[in-house]
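Those protein sequences? They're chains E and D, same order as listed.
All the letters of the first sequence, read from the start, carry residue numbers 1 to 294 under the numbering used here.
All the letters of the second sequence, read from the start, carry residue numbers 1 to 244 under the numbering used here.
The hints are simulated quantities; they were obtained by calculation from the structure and are not laboratory data.
Source: prediction; values computed, not measured.
Some hints could be false.
To give a feel for the contact side, a few chain E residues facing chain D, derived at Cβ under 10 Å [said to hold, decoys possible]:
{"#": "1", "residue": "95"}
{"#": "2", "residue": "169"}
{"#": "3", "residue": "175"}
{"#": "4", "residue": "176"}
{"#": "5", "residue": "180"}
{"#": "6", "residue": "183"}
{"#": "7", "residue": "184"}
{"#": "8", "residue": "186"}
{"#": "9", "residue": "188"}
{"#": "10", "residue": "190"}
{"#": "11", "residue": "192"}
Chain E side only, calculated, beta carbon under 7 Å to chain D, not exhaustive [what the hints assert, rightly or not]:
{"#": "12", "residue": "134"}
{"#": "13", "residue": "138"}
{"#": "14", "residue": "171"}
{"#": "15", "residue": "172"}
{"#": "16", "residue": "185"}
Ideal Cβ placement from N, Cα and C applies to all residues, glycine included.
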Amino acid sequence: MSTVVLLTLTGLGLGALYFLVAAGLSLIFGLADVLNFAHGVFLSVGAYATWWAAGHVPGAGPDGVGFLVAVAVGMLAGTVVAVVVELLLIRPLYARPIEQVLVTVGLALAGVALLQAYWGADALVFPKPSWTQETTRLLGASVPNDRFVLIGAAVLVLVALLVFLRRTRFGLIVRAGVEDRAMVTALGINVRTAFTLVFAIGGAAAALAGALAGVYYGNVSPGQGTSMLIFAFIVVVIGGMGSVVGSALAAVVVGLVQQFANYYTMAGVGEASVVLLLAVVLLLRPGGLAGRAA
Amino acid sequence: MTAGGLLEVADLHVRIGGSHILQGVDLTVAAGGVTALLGRNGAGKTTTIKAILGLVPRTGSVRFDGAELAHLPTHLIVRRGLGYAPEDRGVFTALTVAENLRLAERRGARQRYDLVFELFPELRKRSAQPAGTLSGGQQQMLALGRALLNDNRMLLVDEPTKGLAPRIVTEVAGVLERVASAVPILLVEQNLGLVRRIAGQVVVIDQGRVVHTSPAASLLADTERVRELLGVATRRPEPSAELK
Numbered sequence: 001m002s003t004v005v006l007l008t009l010t011g012l013g014l015g016a017l018y019f020l021v022a023a024g025l026s027l028i029f030g031l032a033d034v035l036n037f038a039h040g041v042f043l044s045v046g047a048y049a050t051w052w053a054a055g056h057v058p059g060a061g062p063d064g065v066g067f068l069v070a071v072a073v074g075m076l077a078g079t080v081v082a083v084v085v086e087l088l089l090i091r092p093l094y095a096r097p098i099e100q101v102l103v104t105v106g107l108a109l110a111g112v113a114l115l116q117a118y119w120g121a122d123a124l125v126f127p128k129p130s131w132t133q134e135t136t137r138l139l140g141a142s143v144p145n146d147r148f149v150l151i152g153a154a155v156l157v158l159v160a161l162l163v164f165l166r167r168t169r170f171g172l173i174v175r176a177g178v179e180d181r182a183m184v185t186a187l188g189i190n191v192r193t194a195f196t197l198v199f200a201i202g203g204a205a206a207a208l209a210g211a212l213a214g215v216y217y218g219n220v221s222p223g224q225g226t227s228m229l230i231f232a233f234i235v236v237v238i239g240g241m242g243s244v245v246g247s248a249l250a251a252v253v254v255g256l257v258q259q260f261a262n263y264y265t266m267a268g269v270g271e272a273s274v275v276l277l278l279a280v281v282l283l284l285r286p287g288g289l290a291g292r293a294a
Numbered sequence: 001m002t003a004g005g006l007l008e009v010a011d012l013h014v015r016i017g018g019s020h021i022l023q024g025v026d027l028t029v030a031a032g033g034v035t036a037l038l039g040r041n042g043a044g045k046t047t048t049i050k051a052i053l054g055l056v057p058r059t060g061s062v063r064f065d066g067a068e069l070a071h072l073p074t075h076l077i078v079r080r081g082l083g084y085a086p087e088d089r090g091v092f093t094a095l096t097v098a099e100n101l102r103l104a105e106r107r108g109a110r111q112r113y114d115l116v117f118e119l120f121p122e123l124r125k126r127s128a129q130p131a132g133t134l135s136g137g138q139q140q141m142l143a144l145g146r147a148l149l150n151d152n153r154m155l156l157v158d159e160p161t162k163g164l165a166p167r168i169v170t171e172v173a174g175v176l177e178r179v180a181s182a183v184p185i186l187l188v189e190q191n192l193g194l195v196r197r198i199a200g201q202v203v204v205i206d207q208g209r210v211v212h213t214s215p216a217a218s219l220l221a222d223t224e225r226v227r228e229l230l231g232v233a234t235r236r237p238e239p240s241a242e243l244k
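So here's chain E without its partners, still in its complex pose:
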């Protein structure tokens, strides 16, 4: 029983990370039709900026409020990078999907290379808050506290995104734009502003995932964003392009399948099972579990 509890919470924690990356990816693709292979860079920027801020920014640190300040700096860095990427690189290419893919793939490779050139290829020890290194007894299992942090953060982001999508005018524009972007412009709405906004939201969420991945894995490395992006893409496809709720459901399923399959079979089977799950969903429900923005 305790093993099941631990695997479940670890799977949910991993799913939480996938969701934080996938939510922005899904909204960006749903609204702007951009397959953003550079999304992992936003995660890495967030992770490295949080790591750097914990040691350099006044008020920031590895524990307590200081850690929250460091994470805020990381999220700010991820948001700024995402907005700059949208404005400078993606915006001129909205009508040219092939060039868009080339640019985002190139940026993903360049991002990893730049991080590696500046901070080295080796993983850096992440400043984990001491509380997250302890465990809590739950139904007989000793659950590392970082799992609760990951799950809590993802739930907060999910609620915030749903409030944004359902209660604000920009959210309304995003939901409508996912369905028919041209018609939104035909109502006199500048949908490009919404594109920038979803990039900013996606960048912030991915950067938060970067900081939390640092807590979960205990280190940051240049390739972390890219490797997590693969699973985030799978989550987006399973959940349905443009659907935040779909991404949340898919992230939970993917995280749990990965954890349980890895534990009860052998290492690596979890990842293969996720790909198999993707194939099954594509065969049975090609549009994914949901397929709209909310």
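We have chain E; now place chain D onto it with these hints.
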């Protein structure tokens, strides 16, 4: 306002995927009443409307109240006071009726919910209903309601009666007739009964070019010419059959 018309389109070309769809369309829409844009299927009527709004890449001139619009993006063209009800209705099926209308609210423009709900009381009753669950007629009402919500200076309405039951067609015709008394309409329509009832002017497009412009009554009175231009027969309608 210009002497020629409120909307003046000159030498409008659209090329999509190697096809030259509009080949120099010239047309003028008067500052009052309904101008009907007619033509066979595939003649370029819908593309003309989309090109005016900048929804497809085009070259040529589109002047609205004397100001050139061709260099503007769609949202800025629309904000000049052009309301649009597309052929496929363009309602957002995942959004409720109220959300569809709220999305159409234009900053700085007067919202006329009272007019919309007076013309289409059904929309008020169904405001919390997802637009995807509305019938075709109700979706058309929502599309028209959205176009009427702001104080627009011209409406571009594309085949509003397509696929609707005769009773709804009559209802839509009544609404358009009433609206046209206040705001000019460029109407794409296949239903010649409706054109006869509400249009003052007709422009016929064939293979991407304007081939005929005249008062609606004079074209529709000429059966041979109608057959030649539109490939359909027309006759003086009996009142009850007019909109069928």
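Q. How about residue 190/E: closest beta carbon in chain D under 10 Å, or not?
A. 5 Å, holds
Q.
residue 176/E was flagged as interface toward chain D. Is the shortest Cβ-Cβ separation under 10 Å?
A. 5 Å, holds
Q | Evaluation of the interface hint that places residue 171/E against chain D, nearest CB under 7 Å | A | 10 Å, violated
Q | Per-residue hint verdict: residue 184/E, partner chain D, C-beta under 10 Å | A | With a closest approach of 7 Å, the residue 184/E hint holds.
Q) Does residue 175/E meet its interface restraint, that is, does its C-beta lie within less than 10 Å of any C-beta in chain D? A) 6 Å, holds
**Q.** Interface hint outcome for residue 172/E [beta carbon to chain D under 7 Å]
**A.** 5 Å, holds
Q. Given residue 134/E as an interface hint, is the shortest Cβ-Cβ distance to chain D below 7 Å?
A. 44 Å, violated
**Q.** Cut-off 10 Å, beta-carbon criterion: hint that residue 95/E touches chain D
**A.** 9 Å, holds
Q.
Interface hint check: residue 185/E, Cβ to nearest Cβ on chain D, cutoff 7 Å. Holds or violated?
A. Holds. Min distance 4 Å.
Q. Against chain D, with CB atoms and a cut of 10 Å, does the hint on residue 186/E hold up?
A. Status holds, d = 5 Å.
Q. Minimum Cβ distance from residue 169/E to chain D below 10 Å?
A. For residue 169/E, the interface hint holds, since the closest Cβ of chain D sits about 8 Å away, which is under 10 Å.
Q | Residue hint residue 180/E, partner chain D, criterion CB-CB below 10 Å | A | 6 Å, holds
Of the numbered hints listed earlier, those contradicted by the structure are 12, 13 and 14.
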